[in-house]
Amino acid sequence: MGYSWLVGHDHHHNHDHDHGHHHGDGEPDNHLKPIEARVRALETILTEKGLIDPAAIDAIVDTYQNDVGPRNGAAVVAKAWTEPEFAARLADDATEAIASLGFIGRQGEHMQAVFNTPDVHNVVVCTLCSCYPWPVLGLPPVWYKSPPYRSRVVMEPRAVLAEFGLELPAETEVRVWDSTAELRYLVIPMRPDGTDGWSAGELAELVSRDSMIGTAVADRPASAAAGISTEATG
Amino acid sequence: MNGPHDVGGLMGFGPVEPEVDEPWFHAEWEKRVLGMTLCAGALGHWNLDESRHARENRHPADYYSSTYYEIWQKGLERLLVRHGVVTTEELASERSLAAGPSEARILTADRVPATLRRGGPCDRPATTEARFAIGDRVRTRVINPHGHTRLPRYARGKVGVVEAVHGCHVFPDSNAHGHGEQPQWLYTVRFDGTELWGADAEAGVAVSIDAWEPYLEAHPG
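Which chain is which? The protein sequence lines are A and B, in order.
Residue 1 is where the first sequence starts when you use the numbering used here, and the numbers rise one by one after that.
Residue 1 is where the second sequence starts when you use the numbering used here, and the numbers rise one by one after that.
Since the hints were derived computationally from the structure, they do not count as laboratory data.
There could be a bad hint or two in this list.
[Claimed, not checked] Stretch-level coverage of chain A by chain B, calculated; a stretch enters the list once three of its residues show a Cβ under 8 angstroms from a Cβ in chain B:
1) 35-48
2) 51-64
3) 84-92
4) 103-111
5) 129-139
6) 158-171
7) 181-195
[As the list claims (entries may be wrong)] Residues of chain B clear of chain A, computed beta-carbon distances all greater than 12 angstroms:
8) P23
9) K31
10) G120
11) A126
12) A133
13) G135
14) R137
15) R141
16) V159
17) A211
Note that beta-carbon positions come from the ideal geometry of N, C-alpha and C, so glycine has one too.
This is chain B alone, in the form it adopts within the complex (with noise of 0.2 angstroms):
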């Protein structure tokens, strides 16, 4: 979707503002945030996919004016209230108004070293050839899908070369939405500066990103 998290060439944001000696939480709550989401997410009732499309797919004004652990909570809620594992009723009563369903993956205290370690790797066998190789020139599609994509705005339409080939991984577009991992391949695709931004762009600048092939078209020449 065109959402409010797809900033690449957005203006207006002011500086970057690092911090000196940045703690890695800024208040108690963003800590059991980050917990909570990855301890229901363990839950498997969805995948990393719709939980990013659960974060961005926010109205501007909301997305802009939360911080980052604020669009977690809300992303959250979002996931729990839609898989039916809490109701707004409970939500708005802050306590529980029902049993949750036995058979639940809980991540308990002891499993969380090992659940951290694995991962959630999304590389997948190919059954395809492909379409393209290291050194082609490729024109990235022009879609603006109402879903979840991983196509930046900034580079739809745009000509690039293929720099990496990465295998399959699983397709966000699908995958967010309940239609299955659908993987397909990857690949790492460079622009000159002067292609995403024309004569604005600063000298000597390229800019990278990682495409599935459904994003690509082949560009003659």
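Looking at chain A on its own, in the form it has when it is part of the complex (with noise of 0.2 angstroms):
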């Protein structure tokens, strides 16, 4: 522990010192600042120049805050759990069946849904960056976007959900999706046993963040009758 890409709040910024080298273009030398005093300097900047809008800032966090988030992509899952025709137009087409419940725009102008199986389970990760569907799970969470996460999953990516808790029988293939281009993948969890009958409403609650991801899968009904749930809500 002690790694700062872990969280943000209680990370202090004394690594980022001059480390000896020179870097190749223009590299501004405010080193030493505090991350805090760097980028509020960078705002007033910015502001005084008349190149950015800072409510502009604030409506885009409005929106990543409260009205893009892993919801939608609950919605997307449930629907194809209960219409077919859905789930074949998800397949063939998700950028065009997703668009269809209004979730569109940046990062996910190219989707792509991969559709768990009792062979295949699926996991997504971005091992250059941090790519992941924002219009239907919204901000991706630190753990995604970090080195232990991005480095593990493509080599030992049974290890990594067993961390996760989800161990998968041997016969199971586990198939990660490395996305090094603009499409976007979402997980497409297997419907839960005991859910017969339940609205797409009833069954979106069963749907986590991280079972869209491939690190977890739908919960159960018991579970989530109970109030548990694996999720880690935004």
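Hints in hand, dock the two standalone chains.
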């Protein structure tokens, strides 16, 4: 522990000193400033120049705090579980099918849905940065963006999934999707047993964020009824 | 580039540590960095690929000891200086020392919802025939460019199978460096775990990447 990619709030920039190298193209010479001051300074400069509207920043933040998140993806999954024709559309052209529910835009321009089956479990990563389907899942959690997950899940996905509490049968293939281009992947978990007759709204409650990344499966009805959820909500 | 961002298969980072009830942001300044990055991007001086490269092209000691949004802040500063939008003197003095360009395309608050919903599609009309088809065996090229690429090191020189053909997409390797979009056919290529990791691979694992045609060559058999 102690590695700063884990969180931001208890992190105090003391590593951000010059490492004895020089930067190639005009790297700003303000490495010693605390990050908060550095960010505030940049916003001040850009605002004074008339290049950004601070209210636009507020609007962007508000969008990703309040309007976009894994409830969107859960609605997609629940609809796929209850409407076979929608599931077929989702498999054929996920961008179009998801857009029909109003979930469009930045970091979701090209969507692909990958369906879990008894034979294949899907899990999504971006080893090179942090690509993630924002319109259906919101902003990615820190662990998804951080080196431990990104480095390991392509090499030892079963071990990583086991740490998430997901032990898969040996006969189930684990399929890892590395998001190296602008395609964004949404895992469609298997519908849990014991949910016959459930409405899409009820089913969506079983669909956690992690089940749509692939580090979990959909919640079972009993655990949902007991109020236990594996989802770390935003 | 073989940069610190290309972590697939690296070891020693420790366990994945999910945070229970994780908030969307861990500090107020993180919100401002996200918003500034999107607003500054809307000015049109650079594209998504150049901004990715600005974030990944860092000294490894710096990259690995920075939080996600710290990397975004540093990348944004670099882009703004490179494109002459702000100066290092301004960053040091924490204030503007000259007026900004008057023709700037400023993202105003009222335009945020439409801008976010529009996004930035990267598919482009095809001008060539796709070289590969679903089911073809391909080998990823062994390349080590100093510039931006989206072919991870762990998947270079590996034999896989084309599983999907996605049309032509903007080619990051050129677009990141001001050489134009040069759209290329994009494929999903699936590799067996043993092809990537040898005998150390876990059983029953497959990994896919999305690979532009210049990353691939035909593999007989």
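Structure-based check of each hint:
Coverage of the region 35-48 of chain A by chain B holds. Counting CB-CB distances below 8 angstroms, 13 residues qualify, and the rule asks for three or more. With a cut-off of 8 angstroms between beta carbons, the region 51-64 of chain A has 12 residues touching chain B; three or more are needed, and the interface restraint holds. Only residues whose C-beta sits within less than 8 angstroms of a C-beta in chain B count toward coverage, and the region 84-92 of chain A has 0 of them, not enough to reach three; the restraint is violated. With a threshold of 8 angstroms between beta carbons, the proposed coverage of the region 103-111 of chain A by chain B holds, since 7 of its residues qualify and at least three are required.
For a cut-off of 8 angstroms, the count of residues in the region 129-139 of chain A with a CB near a CB of chain B stands at 4, and the three-residue condition holds. Coverage of the region 158-171 of chain A by chain B holds in this model, with 7 residues showing a Cβ closer than 8 angstroms to a Cβ of that chain against a need of three. Using a Cβ-Cβ cut-off of 8 angstroms, 3 residues of the region 181-195 of chain A lie near chain B, which meets the minimum of three, so the contact claim holds. The claim that B/P23 lies off the interface is violated: its Cβ sits roughly 7 angstroms from the closest Cβ of chain A, which falls inside the 12 angstroms cut-off.
With 12 angstroms as the threshold on Cβ separation, the claim that B/K31 sits away from chain A is violated: the shortest Cβ distance comes to roughly 4 angstroms. The beta carbon of B/G120 is not kept farther than 12 angstroms from every beta carbon of chain A, the shortest such distance being approximately 6 angstroms. Residue-level check passed: B/A126 sits 15 angstroms from the nearest beta carbon of chain A, beyond 12 angstroms. Distance check on B/A133: its Cβ is at least 18 angstroms (rounded) from any Cβ of chain A, clearing the 12 angstroms threshold; non-interface status holds.
Listed as outside the interface, B/G135 is consistent with that label: its C-beta sits roughly 17 angstroms from the nearest C-beta of chain A, beyond the 12 angstroms cut-off. The Cβ of B/R137 sits about 18 angstroms from the closest Cβ of chain A, beyond the 12 angstroms cut-off, so the non-interface label holds. Look at B/R141: its CB is around 14 angstroms from the nearest CB on chain A, clear of 12 angstroms, so calling it non-interface holds up. Look at B/V159: its CB is around 16 angstroms from the nearest CB on chain A, clear of 12 angstroms, so calling it non-interface holds up.
At the 12 angstroms boundary, the C-beta of B/A211 falls inside the reach of chain A, the nearest C-beta of that chain being 7 angstroms off.
Of the hints listed earlier, those the structure fails to meet are numbers 3, 8, 9, 10 and 17, in rising order.
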